[in-house]
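J.: The lines below spell out each chain.
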Amino acid sequence: MLNYIWMGMILISVVVGTFTGRIDQVTQAAIDMAKLSVEIAIGLVGIMALWLGIMKIAEASGLIRIIAKLLRPITIRLFPDVPDDHPAIGSIVLNMSANMLGLGNAATPLGLKAMEELQELNPDKKTASNAMVMFLAINTSSVQLILPATVVALMGVVSADIFITTILATLCSTIAAIVIVKVLENTKWFRLTPAPEDGAGDEASAPVEQGEGDER
Amino acid sequence: MIETFTDGLNELARYIIPALIVGIPLYAMAARRVKVYEVFVEGAKDGFTIAVRIIPYLVAILVAVGMFRASGALDVLLNLLAPFLNFIGFPPENLPLALMRPLSGSGSLGLLTDLVNEYGADSMQAKIGATMFGSSETTFYVLAVYFGSVGVLRSRHAVPAGLFADAVGAISAVYLCQWLLG
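Residue numbers (the UniProt record's numbering), protein chains in the order written: chain A, 1 to 216; chain B, 1 to 182.
If we strip away everything but chain A, and leave its shape as in the complex, we get (with noise of 0.2 Å):
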């Protein structure tokens, strides 16, 4: 799917950018883009270290067990694979909450931890495991409960008000993440197969895709 949509982008944006008469942007945008990539990662370095230190000593001390334990009855809906109170339920919690309260850079690293651990769990290496996809979808439908602070800055005291939407709105997009990709995990074009086959799912994929964003 991903070769699909990286692709079209890509020429889509080369034929369009050619017709704007943008194409110089364009050029600009794929170098300044490349460099910046680098340097998020490299910023991402020292943030990465402090929580996944302090998480490992949250994980020596017991405490991400505890906490998988006690949050098992949810989680077993959600990631039914994932075994009972195996370190990756903890991290994906952690991650939730960090999320929830705005923290956007303790989450990350929370979350690449349980993308590592749910990834132990995962046959095939190379292809997401259902539980991966979930976790991802909930993730990026982005779990609210404190505005984040750039939009306190931007709405100043009108923040109050939006404050009730937003984690309406949060709610809808979480409940819709969660139900699709129960929907569409089981449907043929996604389904796992024991022998994953190149290019197949992939192919089979592209229209739905391509459904999904003319709606928007």
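Some hints could be false.
Unchecked claim - Beyond 10 Å from chain A on every Cβ pair, some chain B residues (computed):
| hint | residue |
| --- | --- |
| 1 | Asn86 |
| 2 | Gly89 |
| 3 | Pro92 |
| 4 | Glu118 |
| 5 | Ala130 |
| 6 | Ser136 |
| 7 | Glu137 |
As the list claims (entries may be wrong) - No farther apart than 27 Å at their CA atoms in a straight line, the calculated lysine-lysine pairs in the DSSO-like style are these:
| hint | chain 1 | residue 1 | chain 2 | residue 2 |
| --- | --- | --- | --- | --- |
| 8 | B | Lys45 | A | Lys188 |
| 9 | A | Lys182 | A | Lys126 |
| 10 | A | Lys126 | A | Lys188 |
| 11 | B | Lys35 | A | Lys35 |
| 12 | B | Lys35 | A | Lys126 |
| 13 | A | Lys125 | A | Lys188 |
| 14 | A | Lys182 | A | Lys69 |
| 15 | B | Lys45 | A | Lys125 |
| 16 | A | Lys182 | A | Lys125 |
| 17 | B | Lys45 | B | Lys35 |
Treat the hints as calculated values from the structure; they're not laboratory data.
Where is the CB? At the ideal position from N, CA and C, for every residue including glycine.
Given the structure of chain A, go ahead and fit chain B onto it with the hints provided.
T.: Just chain B now, kept in the frame of chain A:
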């Protein structure tokens, strides 16, 4: 009433990170006799490798997103979607933000700033925009970073599911704002 509540929450939020940084090691050391310094360093070691490992995935996604934005393809998409959006009552002023949100965090923050500058923070357009911004994430970036960190290449239904959730979030932001703040 709600203002004091949100102020209180935001005030509390300032103490969460310090509380975690001191609370977790304190519990580990006092209750479980964990060698906190040694264990911390052991965990922190992975910070560099993970950050470096995501670079190729980030370059791939961000370059594509950057080119797409710069080419004006977003405007083309906007024109294509206009009839459908008019039909469901989606305000056209908020559409660029809704389309940008899954692609780029800084891009969508820029568009939100534009909305606030043009219509004022008190306007419905700005409130819808801020709700949209707060209730969704940069799907493609998160996908690249999270899957990239473990080397997953085939994302299966992650993209359609993420975009569907973004669409639901954007549409519910419009209706919730019009309903509750209108």
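J.: Each of the hints needs a verdict: does it hold here or not?
T.: Against the structure, the hints come out as follows:
The Cβ of Asn86(B) sits about 14 Å from the closest Cβ of chain A, beyond the 10 Å cut-off, so the non-interface label holds. For Gly89(B), the condition that its CB be more than 10 Å from all CB atoms of chain A holds, with the nearest at approximately 15 Å. In this structure Pro92(B) is separated from chain A by more than 10 Å, as the shortest Cβ-Cβ distance comes to about 14 Å. Annotated as non-interface, Glu118(B) keeps its C-beta farther than 10 Å from every C-beta of chain A; the closest such distance is 13 Å.
Non-interface status of Ala130(B) relative to chain A is broken: a Cβ of that chain comes within 10 Å, the nearest being about 5 Å off. A cut-off of 10 Å between C-beta atoms contradicts the statement that Ser136(B) is not in contact with chain A; the least separation is 5 Å. In this structure Glu137(B) is not separated from chain A by more than 10 Å, as the shortest Cβ-Cβ distance comes to only about 4 Å. Annotation: proposed proximity of Lys45(B) to Lys188(A) is violated, straight-line Cα distance about 41 Å (limit 27 Å).
The hinted pair formed by Lys182(A) and Lys126(A) meets the criterion: a straight-line CA distance of about 21 Å does not exceed 27 Å. Using a Cα cut-off of 27 Å, the hinted pair Lys126(A) and Lys188(A) holds, with the two alpha carbons roughly 19 Å apart. Between Lys35(B) and Lys35(A) the CA atoms are separated by roughly 39 Å; this puts the pair beyond 27 Å, and the hint is violated. The suggested pairing of Lys35(B) with Lys126(A) is violated, with an alpha-carbon distance near 36 Å, which exceeds 27 Å.
The suggested pairing of Lys125(A) with Lys188(A) holds, with an alpha-carbon distance near 21 Å, which does not exceed 27 Å. Of the supplied pair hints, the one linking Lys182(A) and Lys69(A) holds, its CA atoms being roughly 23 Å apart against a limit of 27 Å. For the proposed pair Lys45(B) and Lys125(A), the alpha carbon gap of about 23 Å is at most 27 Å, so the pair holds. For the proposed pair Lys182(A) and Lys125(A), the alpha carbon gap of about 21 Å is at most 27 Å, so the pair holds.
Simply put, Lys45(B) and Lys35(B) have alpha-carbon atoms about 16 Å apart, close enough for the 27 Å limit, and the pair holds.
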